[in-house]
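*Asks:* Full structure from sequences and hints, please.
Just so we're aligned, residue 10 is where the sequence shown starts under the working numbering, counting upward by one.
Rather than coming from a laboratory, the hints here were simulated on the basis of the structure.
Nothing here was measured: the structure is a model prediction, and the numbers come from that model.
Think of the CB as a built atom: it goes at the ideal place given N, C-alpha and C, for glycine as much as any other residue.
Just to be clear, a hint being listed does not mean it is correct.
To be verified - Okay, the calculated beta carbon distance ranges per label pair: (1) N47 with S72: 30 to 40 Å; (2) S63 with P100: 16 to 26 Å; (3) Q102 with D81: 31 to 41 Å; (4) S48 with G130: 31 to 41 Å; (5) G17 with P100: 27 to 37 Å; (6) S38 with G108: 17 to 27 Å; (7) Q45 with K67: 28 to 38 Å; (8) E77 with Q45: 33 to 43 Å; (9) G130 with M13: 34 to 44 Å; (10) G31 with L117: 20 to 30 Å; (11) D99 with M13: 29 to 39 Å; (12) Q134 with D32: 16 to 26 Å; (13) D131 with H30: 17 to 27 Å; (14) G41 with D120: 34 to 44 Å.
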Amino acid sequence: LELMGLQGAVEEMVRLYNAAHGDCHFQFSAIGDFSQLNSDIAISAYRIVQEATSNILKHAQASQVEIELELDAKAHRLSITITDNGHGFDPQQVAAGIGISGMRERVLVLDGEFSLRSQIGDGTQIAISIPV
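*Replies:* Put into structure tokens, the structure is as follows:
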């Protein structure tokens, strides 16, 4: 991660996922300059993306996943949005899922905000905002 930076590392992750999972297409976009990002934040952000995508591959039966990173230098915030078109779930019933609480913990440790929207039949979106 150190050498590639957050953007390069996520690009590589997406490339590997697309090579390995023909039935699910991952798309990645990044806005901003990630080169100056604090390495602890970069590593946490990478782990969050990894956790979210592995949850999607395990449970969602999605055919399309979008990962967006945006570093807003003026607002000093890193935003991570991960959206899938999988079968979704009822957040009330799955909220305690290990993967989700792990992601939420990582975000809270960084003073960030974590939100999850999902409904059965309509995919899932995770939106995270972390001060940098």
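*Asks:* Could one say that the CB atoms of Q102 and D81 fall in the range 31 to 41 Å?
*Replies:* Cβ of Q102 to Cβ of D81: about 34 Å, so the range 31 to 41 Å holds.
*Asks:* Is it true that S38 and G108 lie within 17 to 27 Å of each other by Cβ?
*Replies:* Taking Cβ atoms as reference, S38 and G108 lie about 23 Å apart, which means the hint holds.
*Asks:* Regarding Q45 and K67, is the given constraint of 28 to 38 Å on their beta-carbon distance met?
*Replies:* Roughly 34 Å apart at Cβ, these two residues keep to the hinted range, so it holds.
*Asks:* Starting from the range 16 to 26 Å, see whether the pair S63 and P100 falls in it by beta-carbon distance.
*Replies:* holds, 18 Å
*Asks:* Just to be sure I understand the hint, the distance between the Cβ atoms of G17 and P100 should be within 27 to 37 Å; is that true here?
*Replies:* At roughly 32 Å between Cβ atoms, P100 and G17 fall inside 27 to 37 Å, so the hint holds.
*Asks:* Between E77 and Q45, does the beta-carbon spacing fit 33 to 43 Å?
*Replies:* For E77 and Q45 the Cβ distance comes to about 19 Å; the hint is violated.
*Asks:* 17 to 27 Å was suggested as the range; check whether the CB atoms of D131 and H30 agree with it.
*Replies:* holds, 21 Å
*Asks:* Look at the Cβ atoms of G31 and L117 and judge whether their distance stays inside 20 to 30 Å.
*Replies:* violated, 36 Å
*Asks:* Taking the Cβ atom of G41 and the Cβ atom of D120, is their distance within the range 34 to 44 Å?
*Replies:* violated, 19 Å
*Asks:* Quick check: does the Cβ-Cβ distance between S48 and G130 fall within 31 to 41 Å?
*Replies:* holds, 40 Å
*Asks:* Please test the hint of 29 to 39 Å on the beta carbon pair from D99 and M13.
*Replies:* holds, 37 Å
*Asks:* When you take the CB atoms of G130 and M13, is the distance between them in 34 to 44 Å?
*Replies:* holds, 37 Å
Violated hints, in rising order: 8, 10, 14; the structure is consistent with all others.
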